[in-house]
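Residue numbers (the numbering used here), protein chains in the order written: chain C, 952 to 1031; chain D, 790 to 1356.
Hints may be right or wrong, so weigh each one.
Unchecked claim - As a list, the in silico DSBU-like pairs of lysine-lysine whose alpha-carbon atoms are at most 30 Å apart:
1) D:Lys1264 <-> D:Lys1331
2) D:Lys1162 <-> D:Lys1125
3) D:Lys1129 <-> D:Lys1147
4) D:Lys889 <-> C:Lys1025
5) D:Lys1139 <-> D:Lys1129
6) D:Lys1331 <-> D:Lys889
7) D:Lys1331 <-> D:Lys1147
8) D:Lys889 <-> D:Lys1210
9) C:Lys1025 <-> D:Lys1125
10) C:Lys957 <-> D:Lys889
11) D:Lys1120 <-> D:Lys1139
12) D:Lys1030 <-> D:Lys1120
13) D:Lys1264 <-> C:Lys957
14) C:Lys957 <-> D:Lys1162
15) D:Lys1139 <-> D:Lys1162
To be verified - Per the computed footprint, the stretches of chain D lying under chain C, defined by three or more beta-carbons under 8 Å from a beta-carbon of chain C, are:
16) 862 to 869
17) 936 to 950
18) 1057 to 1064
19) 1074 to 1085
20) 1149 to 1162
Keep in mind that the hints were calculated from the coordinates and are not lab data. For each residue, glycine too, the CB sits at the ideal point set by N, CA and C.
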Amino acid sequence: MSAYWKANLRILASLLAIWFVVSYGFGILLADWLDQFRVAGFKLGFFFAQQGSIYVFVVLIFVYVRLMNRLDRKHDVHED
Amino acid sequence: MSVMTWTYLIVGLSFALYIGIAIWSRVGSTKEYYVAGGGVHPVANGMATAADWMSAASFISMAGLISFMGRDGAVYLMGWTGGYVLLALLLAPYLRKFGKYTVPDFIGDRYYSDTARLVAVVCAVFVSFTYVAGQMRGVGIVFSRFLEVDITTGVVVGMAIVFFYAVLGGMKGITYTQVAQYCVLIFAYLVPAIFISLLMTGNVIPQVGFASTVADGSYLLDKLDGLNTELGFAAYTSGIKRNIDVFCITAALMVGTAGLPHVIVRFFTVPKVSDARISAGWALLFIALLYTTAPAVAAFARANMIETINGTDGQGVLYEEAPDWIRNWEKTGLIKWEDKNGDGRMFYAKDDRNEMAKIDNDIMVLANPEIAKLPAWVIALVAAGGLAAALSTAAGLLLVISSAISHDLLKKVLMPKITEKQELLYARLAAAGAIFVAGYLGINPPGFVAQVVAFAFGLAAASFFPAIILGIFDKRANMQGAISGMIVGITFTAGYIIYFKFVNPAANVAENWLFGVSPEGIGTIGMVLNIIVTYAVSHMTKPPPAHIQELVDHIRVPRGAGGATHH
């Protein structure tokens, strides 16, 4: 059981690291620096602050669901 | 048909739909009343959560706020979406496995203490009332602007509708009306946004139009940067607030979102732990549809507004030649023009060339269809959307208040001997009572409604979030730790906000703030304090009893969650 929990914590840590870097990193702390790069009409820092971080959040949750469903089965703690 | 007729028709139809759902989904047991029997499909729950979460403020005010704040508006965009990642990864699956009805339930059971339960009840009720007052006010305002009835009548109609489906249908009624309300509100938000994007950039998708070029061949955002600087504002895509403050506000909103009881409780309504996870993903996807459109609307609306007022040549437009919507909205007091230099032309700027004494945030969404010259039914749709956003959030909050009183306060503490039937009756009475208080607050808003929003998030962040997270992830966290942590977090956060917002508002400037963090962001510091205190006190006192440690082990694995009753 503790193997399951440890694997779970590893998944959480890596996904939350991405969550943090994209929003607080790219969208806030590094936004001014990233603004020197452009994607179409967006400066990159502005893009992460008002669009990109939200897309990443959505993807992160669905990735989490996949990883956890797989982990649950591997450790035989899944439902039904 | 006139705009008014369309509005009565569309709003009337949407209300009839909500009432129909309420009658269809009447409930007979407390489990159905509190958590819809635990049998809601994850996609339906995602939609309901999205409607539950997106309030009148998200629908009506947010795009306007962003259009005046520029890049800094991202605090709302990231803050009110990023919390779902925390919910999905750190809270929802474990709370679903726990399988009880309310947030104070979890806190009371996990920390084996009625004191902890009561602290949670007080926080839940306070946070929810703060929030619900604003929703009822929103209902009144939408009514008064679109249907020309007074605010009081509007609030009373809103109360009657919510009364019907919250009291009759409880969580089950609320869930399925919220699904309908999500459909209404997202349609109402996207239709004008798509039209405006097409009109300005030739792109159907607003998020793409946001990054595209406008009529004169320049990128929309570059053009806005230019206009802003010319008129004395900071460039649209640059930030003005200090990084530390933006950081803390974003964090307080994210953590606050994850700690708000009316959002958390939605994840108790799905059948399985894995459903709770995926349901958070659906919720965020549905929310993101509006939240990625809002900043595009903000940019379109700002460029539109500046051009309408200052003219394409930047010389100011003759008031006589201004489009109708300017005069229409001037009547409501949301726009004010003073011809300071007597040239009969309007001008909008940051410096003393400015002649627009007032341009309200809300105008950016409310007047959007008129600005883009869209047909009357679209304007009516925006009214129905605003009402859907306000009513769905109000209902979710009222249920939290009702269950905190009937379940956590009466059944669990004061009157443990009441039967399920009696508990259900008390739940309905509490919901009815809460609706009246909310309606009263909506009609006579305390002057500080706007200021107390910081409270709701700050307190949720500084109280519930750490207690729940540590309850799941730290087996050693005990009653003494949790109670002292919550009290320190709440006292610090509330004290800071009360000082700067009420006691000494004159001192509310960056120089006086602790580490440069504004009252809006202070919940983040409160949360950190709570975590430190809970951890330290827990490790200095004796560990929680064995059955609590078993409970923690139990909620950490998905298998064995209580089944759902059939729908």
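Evaluated hints:
Of the supplied pair hints, the one linking Lys1264 (chain D) and Lys1331 (chain D) holds, its CA atoms being roughly 12 Å apart against a limit of 30 Å. Pair hint Lys1162 (chain D) plus Lys1125 (chain D) holds up; C-alpha atoms about 21 Å apart against a cutoff of 30 Å. With a CA separation close to 14 Å, the supplied pair Lys1129 (chain D) and Lys1147 (chain D) stays within the 30 Å bound. Among the hinted pairs, Lys889 (chain D) with Lys1025 (chain C) is consistent with the structure: their alpha-carbon atoms are about 28 Å apart, no more than 30 Å.
Between Lys1139 (chain D) and Lys1129 (chain D) the CA atoms are separated by roughly 15 Å; this keeps the pair inside 30 Å, and the hint holds. A C-alpha spacing of about 26 Å is found between Lys1331 (chain D) and Lys889 (chain D), which places the hinted pair at or below 30 Å, so the restraint holds. In summary, the hint linking Lys1331 (chain D) to Lys1147 (chain D) is not supported, as the alpha carbons are separated by about 60 Å, beyond the 30 Å threshold. With a C-alpha separation of about 18 Å, the suggested pairing of Lys889 (chain D) with Lys1210 (chain D) holds against the 30 Å cut-off.
Pair hint Lys1025 (chain C) plus Lys1125 (chain D) does not hold up; C-alpha atoms about 65 Å apart against a cutoff of 30 Å. Distance check on the hinted pair: Lys957 (chain C) and Lys889 (chain D) sit about 26 Å apart at the alpha-carbon level, within 30 Å; holds. In summary, the hint linking Lys1120 (chain D) to Lys1139 (chain D) is supported, as the alpha carbons are separated by about 24 Å, within the 30 Å threshold. Simply put, Lys1030 (chain D) and Lys1120 (chain D) have alpha-carbon atoms about 34 Å apart, too far for the 30 Å limit, and the pair is violated.
About 14 Å separates the Cα atoms of Lys1264 (chain D) and Lys957 (chain C), which keeps this hinted pair within 30 Å; it holds. This hinted pair does not check out: Lys957 (chain C) and Lys1162 (chain D) have alpha carbons roughly 58 Å apart, beyond 30 Å. At roughly 28 Å between alpha-carbon atoms, Lys1139 (chain D) and Lys1162 (chain D) fall within 30 Å of each other, so this suggested pair holds. Judged by the Cβ-Cβ criterion of 8 Å, the segment 862 to 869 of chain D is covered by chain C as claimed, because 4 of its residues qualify and three suffice.
Counting residues of the segment 936 to 950 of chain D whose C-beta lies closer than 8 Å to any C-beta of chain C gives 0; at least three are required, and the coverage claim is violated. Counting residues of the segment 1057 to 1064 of chain D whose beta carbon lies closer than 8 Å to any beta carbon of chain C gives 3, which reaches the threshold of three, so the coverage claim holds. Chain C is given as covering the segment 1074 to 1085 of chain D, and this holds because 5 residues of the stretch bring a CB closer than 8 Å to a CB of that chain, at least three being needed. Given a C-beta distance limit of less than 8 Å, the hint that chain C covers the segment 1149 to 1162 of chain D is violated, as 0 residues qualify and 3 are needed.
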